[in-house]
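Undergrad: Spelled out, the chains give:
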Amino acid sequence: MSPSRSISNDSAAALAERRWAMVSVGVIVFILAIIAFTSIHWATMPVSGIEPIDPVTLHVSGEFIEQNLGTQIGRDGSVTVRMIAQQYAFNPQCIVVPAGTKVRFRGTSVDVVHGFLVTGTNANAMLVPGYITTFTAQFSQVGEHLMPCHEFCGTGHAAMWAHVKVVAPEQFSRLAAAGLGVRCD
Amino acid sequence: MSAVIKARHLILAHFWSAFVVFFAAILLGEWQMVVRSPMHAWVDLPEHYYRAVTGHGTAMAYVFPTLVAMGFGYSIVELALKQALIGLRWAWFAFGLLAVGALMAVATVAAGGASVLYTFYPPLVGSPFYYIGVVMVVVGSWIWVGLMAVNLHAWRKANPGLPVPLAMYAATAGALLWAWTAVGAALEILLQILPVALGFKDRIDAGLARVLFSWTLHAIVYFWLFPTYIAYYVIVPRAIGGRLYSDVMARLAFVLFLVFSMPIGVHHLFMDPEVGAGFKYVHSVFTGMVAIPTLLTVFTICASVEIAARLRGGHGLVGWLRALPWNNPVMLAVTFSFVMLGLGGAGGLINMSYPLDSTIHNTQWVTGHFHLIFAGAIVIMYFIIAYDLWPHLTGGALRNFTMIRLQLWLWFIGTLVMTLPWHVAGLLGMPRRMAYFDYSNPTIAPEAWTVTAAALGGAMMVASVVLFLWVLYRAQRGRRMVLTAYRFSVPVHPVLVVPAPLNGFAVWVALMVGLTIANYGVPIFHLLSLKTSVPAVFSRE
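For the record, the sequence lines run as chains A and B.
For the first sequence, the positions run 1 to 185 when the working numbering is used.
For the second sequence, the positions run 1001 to 1541 when the working numbering is used.
Simulated from the structure, these hints should not be mistaken for laboratory data.
Remember, predicted model here, so these are calculated numbers, not experimental data.
It cannot be assumed that every hint is accurate.
In silico SDA-like cross-links for lysine to any residue, where the CA-CA straight-line distance does not exceed 25 Å [unchecked claim]:
id	chain 1	residue 1	chain 2	residue 2
1	B	Lys1082	B	His1392
2	B	Lys1531	A	Arg174
3	B	Lys1006	B	Gly1113
4	A	Lys165	B	Thr1359
Can you make the complete structure from the sequences, with help from the hints?
TA: Pasting the structure below:
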């Protein structure tokens, strides 16, 4: 191999390496740009906002007392689901939400770390004692979903499953006509 | 210099304990897969299931990879620096501390004293002996970090101005990464959990604890990954008859891990209420950056493999693939490792995008993801590290290559059979860490086959480990071989000088610490100012 051949091989090798590095960086930047775009444009934000709450007094006063739990319709027509998790059940164990409507979830834990997901959807969050978890979800189709606790919360963790019923908006309005809160039963 | 490693008793103690712990932990894993599958009735006591999960996680996350990294690190000191290990007594002390700590932690879990999982999950709090055991394991490994630095320093003094051998440079980078990575969990245990477990306090800040643990939780994976990447660079090209494509790129990959693997841990907390959306996005961005050193590694190793093929007469755009030594276990393992790294890495890019993560967060998908990376891409190269060093540690030859190939195939197929269905289950919404499932529920019934598949894949992995241990045992007991000096890969171009920053760590360690403080400082101090502690919940049987 002549010296000049060797030098051109070397620069070809360095060029290939540099091109690959640029493609790699480009791919990552592209992915991050998509995340930023969807976050802002479609408002697909993660759970956000840090709101402390004392789990000890949760039951007796404030937002998470018994009659506030479940699905509530605000005066402006907004739909909010409030729930609490404790070893080893959610309260309420069954949630009704309207299809095609933005639903705000607000939840917290009484004891240890829990979490939940509404299966088949991207409604998914952690419930950490001491903090209120807030996020918004929208269910496009009518149907029933399971809602398991998905974070280890003690030896009874595997028994902690709840349900979510997505009903047609008209049906939801009928259920809501009875009062401000909507429940499964 | 004799071809057998002088510190071999020390290193063999590390490797044998690592692999025995690994075997015990994998049996626990397989038991979990069987008892929660449709093939078995519901487990009598779910608490037993969670003891097994805690034992499996503790052994696999804290003990097994740490022992492998330590043993491999000591080997590199002797083989790459060509000097006797300084601080042999300290190394034995560290090993003893680690062994006692590991036994104490595991015994506490086995007795039902700490079914809290290896990720701790305060305000759940278990027996203090569990946490003290884990701390002893970490402190033992920190002594190893110190020894790596001391040995490198001594070599530098004896060889002023010379480039540090790549293997040692990378192993020291891994040690430094671990030293700083472990600080998050150490703070959580020492400042938050232990005072409660010992009865001095009864409240704990669950959110702060999760933030501190996330500091450790992601970078620990890169600590597990380091021996594997070191093997890619310094063992694979030599073992298959090639050259390392670029020594400088290798160093760059290792220091980029040092810089980018800590300030990203909040991606484990995307769905958590104790960190704001801003820092979640920042950590997502840095998570993207930590993919860069892996992408560089893929290029460099593929190019090094191509060199081997062309040296063996391979030609054509892809025709050279045929010329590779496919019968060579190292060739086989690195191929399997890359396939699993590719699949796992693609899954990782999905996890780091929180809009996508929200469909699979804390589902079986995540279990599939990290088993594909750790059990798959990482551990298969641990096997290769052991096989490669074994003759130099024991003086015995590895004779049965067919059995080694079978072992690697079983591991590869077993891992895929276990983890790919888990990804599907996760997309269907199957949550993690369930001791049993109600398969009669029509929503859960379609997921049942994935649990059976995991049990089947797990059984193949158990069989693979039995073969692995058998091969090592036979070689150690078997016929002696005449050893030539151990060699690491040689780069295409001899390394005469390397850029000064890539011969030391000052810049990279400063960036590592600085970026961690930048990305964690505000979330941590914000939570400290909120005072959101809650009553602890004791987990004792």
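Undergrad: Go through the numbered hints given earlier and state which of them the structure violates, listing their numbers in rising order.
TA: 2 and 3
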